[in-house]
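Enquirer: Protein chains in written order, with the numbering used here: chain U, 542 to 961; chain D, 153 to 348; chain V, 260 to 444.
No lab work stands behind these hints, which were simulated from the structure alone.
Take these hints with a grain of salt, some might be off.
Taking lysine-lysine and the DSS-like style, the derived pairs with C-alpha atoms no more than 27 Å apart in a straight line are [to be verified]:
| no. | chain 1 | residue 1 | chain 2 | residue 2 |
| --- | --- | --- | --- | --- |
| 1 | V | 352 | V | 373 |
| 2 | D | 332 | D | 304 |
| 3 | U | 881 | U | 860 |
| 4 | U | 629 | U | 664 |
| 5 | V | 352 | U | 802 |
| 6 | V | 429 | U | 655 |
| 7 | U | 655 | U | 860 |
| 8 | U | 625 | U | 771 |
| 9 | V | 352 | U | 860 |
| 10 | U | 629 | U | 881 |
| 11 | U | 744 | U | 664 |
| 12 | V | 350 | V | 429 |
| 13 | V | 429 | U | 629 |
| 14 | U | 860 | V | 373 |
| 15 | U | 744 | U | 771 |
| 16 | U | 751 | U | 771 |
| 17 | D | 332 | D | 201 |
| 18 | U | 625 | V | 429 |
| 19 | V | 429 | V | 373 |
| 20 | U | 625 | U | 881 |
| 21 | U | 655 | V | 350 |
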Amino acid sequence: MAVAPERPRIYGASRIPQPIPTVLEVPEALRETDDILTINFGPNHPSTHGVLRLVIDLDGEHVVGLAAVVGYLHTGFEKNMEQKSWWKAITYPERIDYLSFQANELVFVLAIEKLLALEVPPKATWMRTLLCELNRIHSHLIWLGTSALELGAISLLWYCFRDRDLVLDLSEMVCGARMHTRYFQAGGLAEDIPPGFFAECRKFCEWMPKAIDEYEAILTRNQIWLERTKGIGLLSAEDAIALGQSGPILRASGVDWDLRKADPYLAYGDVDFDVPVYDGGDVYDRYRVHLDEMRQSVRIVEQCLEGMPGGAWIADDRKVVLPPREELHTSMESLIHHFKIVTEGYRVPEGEVYTVVESARGELGCYVISDGGPRPWRVKFRAPSFVALEATATCMADALVADMIAIVGSLDTVMGEVDR
Amino acid sequence: MAVERGKRLRQYGLKSERLLWPTKGPSVFERELGVEDLESMLGLTTVEKAVAWAQGSSIWPDTFGLACCAMEMIAVVTPRYDIARFGAEVFRSSPRQADLLIVSGRVSHKMAAPLRQIYDQMLEPKWVIAMGACASSGGMFSNYAILQGVDKIVAVDVHVPGCPPRPEALLEGIVRLQEKIKAGVPPAYEIRGVAS
Amino acid sequence: MSYSQLPGLVETIEEHAETTLVVDPARLVEACLHLRDDLGFAFLSDVSAVDYLGWAAVPGTSEVSGYWGGRGGRDLNDPGTWGLQRLPQPKPKRFAMVYHLLRLERDAPRVRVKAYLDEDEPVPSVVSVWPTADWHEREAWDLMGIRIEGHPNLQRILMEDDWEGHPLRKDYPIGGEPVRFSGEE
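Assemble the whole structure, with the sequences as input and the hints as a guide.
Expert: Spelled out as structure tokens, the structure:
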């Protein structure tokens, strides 16, 4: 699982800048020459994937100094979630990483279930797996479309968003909303899977590999794409681990690490898939990792469709889960449970947990502290994009301005997650 | 009727020469075209209406995507929803070249100053669509970090509700904006100021 | 996995299949070096700051803030109205800095290192151990006001540079202002 010692080293000594690991400082000699131009890049810029501000120092076209300024999308999620009951707080995490929204919902709901020691029925587990993999495809499609757009391959935008709409059609079929579905509930799913979903999902799984073939045909051996991404933005495995990178960035640097394989959660232990690992550590390898992950996600979705069990879609614990509506007419206890859950909210026992999932960007963690009451005491999201931006300075050694766009794009950052 | 000398044409009420002088036959132009009744083939309008029609039919938005709504805004550009058929062909990156600011996403206090700066850099006439619940009113984030409605700092023409609004909802907002422009409603900064 | 050699270890808690090591903040860097070099926790996953103000307080008497500014406010969620059935275990100090570590091995062994801090008590920086802690510690300073000693670049990261106060503290109000509707002027 860890870095194999015989793996080729991408570069020699660590390139993490000193003394501040996240700021590339202009060398003293250059600073004296007075040739340095300091430019502000963002927060409103078409190529920065959201409201990221980079203050760069340029010596001609070379980027010699870089500092990232974030916080332009700070929303106060964590404080807001402390004010809401557990039920209402589940609505918030989706908007943190708005491309990979199911993973955010999942990690928070898994944390609540861990604290409650709640057993989730298998149908809900498999459906969650399916939706998370569809969401991974969704996130990678948007990443590919927008990154390629920034490097000039504009047609990829149209292709990727065409397929992204197919994924969102499936989301809409399941719960009514395209994005931010709020479909996961503490204990399982909010509602049963509607009829017709599986047939549509199968059609999608037949179409998607052909679509990925189209993207590969456009980009993978394209001379311009190779020139702009090969050898750009190198990050060695040791630096990546020291900088806390995870997900596609880590796998493109040669480290075979995927939480779905290392510590399987949901139904990942029961499905068969590969984890793409490349050891170039550059933008091109990150692109390859994303594309291969999309293929593997389609494989997982197909296996989830085959192996989807029947049965209940949510746990039976009436202290936490709403009783079925039909029962409210006949059972007094169900009515009382319903009333208490809706008005007061359920209590989660005292404790603290740190649940982690492999979102499309890497290791997404949720640290939840409960004081035994009806509201969370502290919720902290470990956002992979926050950590990915810390690596910008390291990847930017010997970069040109045009390379900087490619590198920031390849780090796949979502500013909602960075700023929370 | 006879033409009185010394009276200006407009005092007859903007009528064409042919109506004033019905006995005068068709003009050379009409004879060349081979028509009898040129008035039925001409559009008569005012300059304001013509300009409003042109402005409304080619609103170019600025790339101001902030958060989740930006994803649906990008979706509106894609072929399935296709904003180009409404005239918003290109999203300009420079505010100097844009007419429309679609504020898509939550605006934090830190971002409020750049937002106002971008708005100020746009040239008149300019319109603003507050897309989504967060831009319209702060959305679900009633807290220290988020501006409770972008109309506190810029004058908004159309609010589009939703979290996030479907691309069709955004298109509805743009169509309504177009109708407002073509009806002659002035842009919001002329009608109302911003809330303090 | 034996943590008995950890410098500064105060307590070990095992709960929900997770291990928490409570460590004396003065010996934090030593403990982290031991964990990274001797026990192999090369990956720092997360650094969180926690404020326990109002924890285990009798309902209705705590300083925890409600909605709309101020300490009392129109708090519809005041614990006094719903009633906690049992008060939680009290914590030794007001703040805690929590570090989540990971070993990149099968089964992903994780450990949590916790250091309790008083108000205004600083905590040493672990940037020299794991460079990724840079921004996490800046966030802890920005949002929770925990001073990090030895941090190379301790500035605000998420809030504006001239913001006053530390928003995630429990005595900082949730804030917000009224929404302006078009009918009223």
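Enquirer: None of the hints should be skipped; say for each whether it holds.
Expert: Against the structure, the hints come out as follows:
For the hint linking residue 352 of chain V to residue 373 of chain V, the alpha-carbon distance of about 12 Å falls within 27 Å, and the restraint holds. Simply put, residue 332 of chain D and residue 304 of chain D have alpha-carbon atoms about 22 Å apart, close enough for the 27 Å limit, and the pair holds. The straight-line distance between the Cα atoms of residue 881 of chain U and residue 860 of chain U is roughly 8 Å, inside the 27 Å bound, and the hint therefore holds. Under the criterion of a C-alpha separation no larger than 27 Å, the hint pairing residue 629 of chain U with residue 664 of chain U is consistent with the structure, at around 24 Å.
With a C-alpha separation of about 39 Å, the suggested pairing of residue 352 of chain V with residue 802 of chain U is violated against the 27 Å cut-off. Restraint check for residue 429 of chain V and residue 655 of chain U: satisfied, since their Cα atoms lie roughly 25 Å apart, inside the 27 Å limit. Between residue 655 of chain U and residue 860 of chain U the CA atoms are separated by roughly 15 Å; this keeps the pair inside 27 Å, and the hint holds. With a C-alpha separation of about 47 Å, the suggested pairing of residue 625 of chain U with residue 771 of chain U is violated against the 27 Å cut-off.
Taken as a hint, the residue 352 of chain V and residue 860 of chain U pair is broken in the structure, with Cα atoms around 33 Å apart against an allowance of 27 Å. Between residue 629 of chain U and residue 881 of chain U the alpha-carbon distance is near 14 Å, which keeps this suggested pair within the 27 Å criterion. Distance check on the hinted pair: residue 744 of chain U and residue 664 of chain U sit about 21 Å apart at the alpha-carbon level, within 27 Å; holds. As the CA atoms of residue 350 of chain V and residue 429 of chain V are separated by approximately 15 Å, the hinted pair is consistent with the 27 Å bound.
A hinted pair counts as satisfied when its Cα atoms are at most 27 Å apart, and residue 429 of chain V with residue 629 of chain U qualifies at roughly 20 Å. As the CA atoms of residue 860 of chain U and residue 373 of chain V are separated by approximately 32 Å, the hinted pair breaks the 27 Å bound. With a C-alpha separation of about 35 Å, the suggested pair residue 744 of chain U and residue 771 of chain U falls outside the 27 Å cut-off, and the hint is violated. At most 27 Å may separate the alpha-carbon atoms for a hinted pair to count; residue 751 of chain U and residue 771 of chain U meet this at roughly 25 Å.
With a C-alpha separation of about 12 Å, the suggested pair residue 332 of chain D and residue 201 of chain D falls inside the 27 Å cut-off, and the hint holds. At roughly 14 Å between alpha-carbon atoms, residue 625 of chain U and residue 429 of chain V fall within 27 Å of each other, so this suggested pair holds. The hinted pair formed by residue 429 of chain V and residue 373 of chain V meets the criterion: a straight-line CA distance of about 19 Å does not exceed 27 Å. The suggested pairing of residue 625 of chain U with residue 881 of chain U holds, with an alpha-carbon distance near 16 Å, which does not exceed 27 Å.
At roughly 22 Å between alpha-carbon atoms, residue 655 of chain U and residue 350 of chain V fall within 27 Å of each other, so this suggested pair holds.
Checked against the numbered hints given earlier, this structure breaks hints 5, 8, 9, 14 and 15; the rest are met.
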